[in-house]
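S.K.: Under this note's numbering, the first residue of the sequence shown carries the number 7, and numbering increases by one thereafter.
Since the hints were derived computationally from the structure, they do not count as laboratory data. Check the hints yourself; a few may be wrong.
Unchecked claim - In the DSS-like style, the derived pairs of lysine-lysine whose C-alpha atoms are separated by at most 27 Å in a straight line are: (1) LYS291 / LYS388; (2) LYS165 / LYS293; (3) LYS298 / LYS180; (4) LYS477 / LYS386; (5) LYS471 / LYS414; (6) LYS432 / LYS471; (7) LYS162 / LYS48; (8) LYS436 / LYS414; (9) LYS352 / LYS376; (10) LYS293 / LYS182; (11) LYS473 / LYS414; (12) LYS74 / LYS162; (13) LYS293 / LYS162.
To be verified - Pairwise CB distance ranges (calculated): (14) GLU409 / LYS162: 43 to 53 Å; (15) LYS162 / ARG213: 13 to 23 Å; (16) THR132 / ARG458: 47 to 57 Å; (17) MET412 / GLU160: 16 to 26 Å; (18) ILE311 / SER249: 29 to 39 Å; (19) LYS162 / GLU425: 56 to 66 Å; (20) CYS391 / LYS48: 23 to 33 Å; (21) MET223 / PHE169: 11 to 21 Å.
Since we're looking at a predicted model, the values are computed, not measured. No residue lacks a Cβ here, since even glycine has one placed at the ideal position from N, Cα and C.
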Amino acid sequence: MTNNADAIKFGTDGWRAIVGQDFNFENVEIVTKAIAKYILDKDGIEKPVIIGYDPRNMAEEFAKFSAKILSDAGFRVSVSAEVIPTPVLAYNAKELDADAVMFTASHNPPEYLGIKFIPDYAGPATTEITNAIVENIKNIDNITFNPSKTYDIEYKCFKESYFKHLEALIDFEKIKEYFTREDDDGEIIYDGLYSASIGYFDELLRRNNISFESLHMHHDPSFGGGMPEPKAKYLQELIELISHRTSAIGLSNDGDGDRFGVINEKAEYVTPNEIIALLLGHLIKNKGADGKLVKTVGASRMLDIIAEQYDIDVVETPVGFKWVGAAMREYDTIIGGEESGGLSIKGHIPEKDGILADLLVLEMLSYEGKPLWELQEELKQKAGCNFINERIDVKLQDRNQLEILMKKYTQLDSIADFEISSKDTKDGVKYYLDDDRTWILIRPSGTEPLLRIYFESDEKSKIEKLKEFFK
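Take the sequences, apply the hints, and build the full model.
M.R.: Set out below in structure tokens:
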């Protein structure tokens, strides 16, 4: 076997590459064997392994190919009998005390596929775990398996235990009551976005007798020619549909169902920062939750302000849900979330779950008895301003140029017309500016020579001035 280890780069959430190029059977075999060696060293051959896949091109074929390798190595392997969202597979890893391998490229373009390893704690693999797998990839030619016994691969449906768990977490009766009230339509419109959540989110509503409308409800490896990302840009048909209604709420998920997208009754996209802040309030006020808020260094300052008003401690992590998940396992957490559309809550798994997030939005509206746009207005009043977030990505020639720029950017004394009040270096460098409303986060990409620069302020003009400074 030719060692193509150099083509395999693990990012913050596993390995992703273009199908037919670096994502091929040879490299999938390398990664699968590296994962098998990790499981064998840590948990032993008795550890069950479950495998899932999203609707992408060749995902099912690669999942079955990987299952055969793990089975031949002596592991008991179960493969999902159908397309499955990442959070459903992750929940079953915890429930079955199994390690999981998920074939997905999440919200990446349709030509990509990836492998995500989910340990038995049901959250993203930590850096030390992925580092160990990468070491195994480097030594792949020396890895062999000599099992004393092999088992047939089992194909099973993982839905029911996940459904029952969410039905214990979410007040479906309250949602049903609110959205079938006589004084208003109370419409729910779900944009399946051709994603893995089809057959899961809609099925949960259906089995709890909650009526809804939907669009894009079949699996399509090319995601309708768009991107499987629930942002305003890719939810235009949903937005158009809601613009002709008076009280409809729009919900969506990304390709593998771990991120959420929400459109309010005014046909406006609601940012993940707003959703996390609103759900924090809902869980404390309506559900009696206590504990901490976990957020990333790239999430809005609005979250800190709202948490302070509820007298809740905030745990801030580097960008990436693997850090949020690790903090959720360490601290008693009400909600953990990131600015890119991932969240989870106490009593669930330390992995982002877009299906849960969408259901929590419906539950919150049912408890509050107000439209989402009105709750957003109240949130702005509580926060004291309307926070605006933007990000630019700066492509560089190589890692060397990246390191030179990062060194320069970590030594700034002032930025544009702003003085720096404090700085944080847990992930790149974050500068808090002297107006107490503005910050900048500069961090390198983990997989390519790219600088990501995040901005937040209460005025668009301030962000434009800061962007000009970095240009």
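S.K.: Would you mind marking each hint as holding or not holding in the structure?
M.R.: Checked hints:
The straight-line distance between the Cα atoms of LYS291 and LYS388 is roughly 15 Å, inside the 27 Å bound, and the hint therefore holds. Distance check on the hinted pair: LYS165 and LYS293 sit about 26 Å apart at the alpha-carbon level, within 27 Å; holds. This hinted pair checks out: LYS298 and LYS180 have alpha carbons roughly 26 Å apart, not beyond 27 Å. Annotation: proposed proximity of LYS477 to LYS386 is violated, straight-line Cα distance about 31 Å (limit 27 Å).
Distance restraint check for LYS471 and LYS414: the Cα-Cα separation of roughly 19 Å lies within the 27 Å cut-off, and the hinted pair is therefore satisfied. A threshold of 27 Å between alpha carbons decides the hint, and for LYS432 with LYS471 the separation of about 25 Å falls inside it, so the pair holds. Taking the CA atoms of LYS162 and LYS48, the gap is near 26 Å; set against the 27 Å cutoff, the hint holds. As the CA atoms of LYS436 and LYS414 are separated by approximately 13 Å, the hinted pair is consistent with the 27 Å bound.
Restraint check for LYS352 and LYS376: satisfied, since their Cα atoms lie roughly 25 Å apart, inside the 27 Å limit. For the suggested pair LYS293 and LYS182, the alpha carbons sit about 17 Å apart, so the restraint of at most 27 Å is met. Taken as a hint, the LYS473 and LYS414 pair is honoured in the structure, with Cα atoms around 16 Å apart against an allowance of 27 Å. A hinted pair counts as satisfied when its Cα atoms are at most 27 Å apart, and LYS74 with LYS162 qualifies at roughly 15 Å.
For the proposed pair LYS293 and LYS162, the alpha carbon gap of about 34 Å is over 27 Å, so the pair is violated. For the pair GLU409 and LYS162, the supplied restraint of 43 to 53 Å holds, since their beta-carbon distance comes to about 47 Å. For the pair LYS162 and ARG213, the supplied restraint of 13 to 23 Å holds, since their beta-carbon distance comes to about 19 Å. Between THR132 and ARG458 the C-beta distance comes to about 21 Å, which lies outside the given range of 47 to 57 Å.
Between MET412 and GLU160 the beta carbon distance is about 48 Å. The supplied range of 16 to 26 Å is therefore violated. Judged by the Cβ atoms, the range 29 to 39 Å given for ILE311 and SER249 holds: they are separated by roughly 31 Å. In this structure the supplied range 56 to 66 Å holds for LYS162 paired with GLU425, their Cβ-Cβ distance being about 60 Å. About 48 Å separates the C-beta atoms of CYS391 and LYS48, a value inconsistent with the hinted range of 23 to 33 Å.
Look at MET223 against PHE169: about 18 Å separates their beta carbons, and that is inside 11 to 21 Å.
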